[in-house]
Amino acid sequence: MRNSAIDLFSRKTGIPKEEISNRYEIIGKSMVIRIPQQFYDEKMLLAKALLSSFKLWSVYEYSGIEGKMRVPKLNLLAGIGTDVVHSENGIKYKLDPS
Numbered sequence: 008m009r010n011s012a013i014d015l016f017s018r019k020t021g022i023p024k025e026e027i028s029n030r031y032e033i034i035g036k037s038m039v040i041r042i043p044q045q046f047y048d049e050k051m052l053l054a055k056a057l058l059s060s061f062k063l064w065s066v067y068e069y070s071g072i073e074g075k076m077r078v079p080k081l082n083l084l085a086g087i088g089t090d091v092v093h094s095e096n097g098i099k100y101k102l103d104p105s
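The sequence shown begins at 8 in the numbering used here and counts up by one.
Hints may be right or wrong, so weigh each one.
[Unchecked claim] Simulated DEER-style distance windows between Cβ atoms:
{"#": "1", "residue 1": "Asp-14", "residue 2": "Gln-45", "range": "16 to 22 Å"}
{"#": "2", "residue 1": "Thr-20", "residue 2": "Ser-70", "range": "17 to 23 Å"}
{"#": "3", "residue 1": "Glu-95", "residue 2": "Trp-64", "range": "14 to 20 Å"}
{"#": "4", "residue 1": "Leu-52", "residue 2": "Asn-96", "range": "34 to 40 Å"}
{"#": "5", "residue 1": "Lys-24", "residue 2": "Trp-64", "range": "21 to 27 Å"}
{"#": "6", "residue 1": "Ile-34", "residue 2": "Gly-74", "range": "34 to 40 Å"}
{"#": "7", "residue 1": "Glu-49", "residue 2": "Lys-75", "range": "33 to 39 Å"}
{"#": "8", "residue 1": "Met-51", "residue 2": "Met-76", "range": "25 to 31 Å"}
[To be verified] With a straight-line Cα cutoff of 25 Å, these simulated DSS-like cross-link-like pairs (lysine-lysine) come out:
{"#": "9", "residue 1": "Lys-99", "residue 2": "Lys-36"}
{"#": "10", "residue 1": "Lys-36", "residue 2": "Lys-62"}
{"#": "11", "residue 1": "Lys-101", "residue 2": "Lys-80"}
{"#": "12", "residue 1": "Lys-62", "residue 2": "Lys-24"}
{"#": "13", "residue 1": "Lys-99", "residue 2": "Lys-62"}
{"#": "14", "residue 1": "Lys-62", "residue 2": "Lys-80"}
{"#": "15", "residue 1": "Lys-50", "residue 2": "Lys-36"}
{"#": "16", "residue 1": "Lys-24", "residue 2": "Lys-55"}
{"#": "17", "residue 1": "Lys-101", "residue 2": "Lys-36"}
{"#": "18", "residue 1": "Lys-19", "residue 2": "Lys-55"}
{"#": "19", "residue 1": "Lys-36", "residue 2": "Lys-55"}
{"#": "20", "residue 1": "Lys-80", "residue 2": "Lys-55"}
{"#": "21", "residue 1": "Lys-99", "residue 2": "Lys-80"}
{"#": "22", "residue 1": "Lys-50", "residue 2": "Lys-24"}
{"#": "23", "residue 1": "Lys-75", "residue 2": "Lys-101"}
{"#": "24", "residue 1": "Lys-36", "residue 2": "Lys-75"}
{"#": "25", "residue 1": "Lys-62", "residue 2": "Lys-19"}
{"#": "26", "residue 1": "Lys-50", "residue 2": "Lys-75"}
{"#": "27", "residue 1": "Lys-62", "residue 2": "Lys-101"}
{"#": "28", "residue 1": "Lys-50", "residue 2": "Lys-62"}
{"#": "29", "residue 1": "Lys-50", "residue 2": "Lys-19"}
FYI, nobody ran anything at the bench for these hints, they're computed from the structure. Keep in mind that this is a model prediction, so the values were computed, not measured. Note that beta-carbon positions come from the ideal geometry of N, C-alpha and C, so glycine has one too.
Using the sequences and the hints given, assemble the complete structure.
This is the structure in structure tokens:
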């Protein structure tokens, strides 16, 4: 994660920077993050810090896979839920991350 988001979150919560996970995926203007159990109380603060630091439209929490089709379960934490346009190798994909 960007240092400014980590620094902001660390200062506001008192959690050392080394304990903050940096696992995330950015899809268009949205980010999907996995939040460790010990940060659940501060997850909204972390999402807002990431939203401003990365200049995103939305931040989603990944909370596992469910069902026979193995569909990822995502929860909107901050921002606006919207369709995302992701470009890869000249091909544009439009999807709803939630």
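Structure-based check of each hint:
1. Asp-14 <-> Gln-45: 16 to 22 Å: Check passed, 19 Å falls within 16 to 22 Å.
2. Thr-20 <-> Ser-70: 17 to 23 Å: holds (21 Å)
3. Glu-95 <-> Trp-64: 14 to 20 Å: Since Glu-95 and Trp-64 have Cβ atoms about 18 Å apart, the given range 14 to 20 Å holds.
4. Leu-52 <-> Asn-96: 34 to 40 Å: Since the Cβ atoms of Leu-52 and Asn-96 sit about 36 Å apart, the hinted range of 34 to 40 Å holds.
5. Lys-24 <-> Trp-64: 21 to 27 Å: holds (26 Å)
6. Ile-34 <-> Gly-74: 34 to 40 Å: The hinted range 34 to 40 Å is violated for Ile-34 and Gly-74, with Cβ atoms some 21 Å apart.
7. Glu-49 <-> Lys-75: 33 to 39 Å: Check passed, 34 Å falls within 33 to 39 Å.
8. Met-51 <-> Met-76: 25 to 31 Å: holds (29 Å)
9. Lys-99 <-> Lys-36: holds (13 Å)
10. Lys-36 <-> Lys-62: holds (8 Å)
11. Lys-101 <-> Lys-80: holds (18 Å)
12. Lys-62 <-> Lys-24: holds (21 Å)
13. Lys-99 <-> Lys-62: holds (20 Å)
14. Lys-62 <-> Lys-80: holds (23 Å)
15. Lys-50 <-> Lys-36: holds (19 Å)
16. Lys-24 <-> Lys-55: It holds: about 17 Å lies between the C-alpha atoms, which stays within 25 Å.
17. Lys-101 <-> Lys-36: Roughly 12 Å between the alpha carbons, so the hint for Lys-101 and Lys-36 holds.
18. Lys-19 <-> Lys-55: holds (12 Å)
19. Lys-36 <-> Lys-55: holds (14 Å)
20. Lys-80 <-> Lys-55: OK: Lys-80 and Lys-55 at ~20 Å, within 25 Å.
21. Lys-99 <-> Lys-80: holds (23 Å)
22. Lys-50 <-> Lys-24: Since the Cα atoms of Lys-50 and Lys-24 sit roughly 15 Å apart, the hinted pair holds (cutoff 25 Å).
23. Lys-75 <-> Lys-101: holds (24 Å)
24. Lys-36 <-> Lys-75: violated (29 Å)
25. Lys-62 <-> Lys-19: Answer holds: Lys-62 to Lys-19 is near 20 Å, not above 25 Å.
26. Lys-50 <-> Lys-75: violated (29 Å)
27. Lys-62 <-> Lys-101: holds (19 Å)
28. Lys-50 <-> Lys-62: Judged against 25 Å, a Cα distance of about 18 Å means the pair holds.
29. Lys-50 <-> Lys-19: holds (12 Å)
Consistency note: the structure conflicts with the earlier hints numbered 6, 24, 26.
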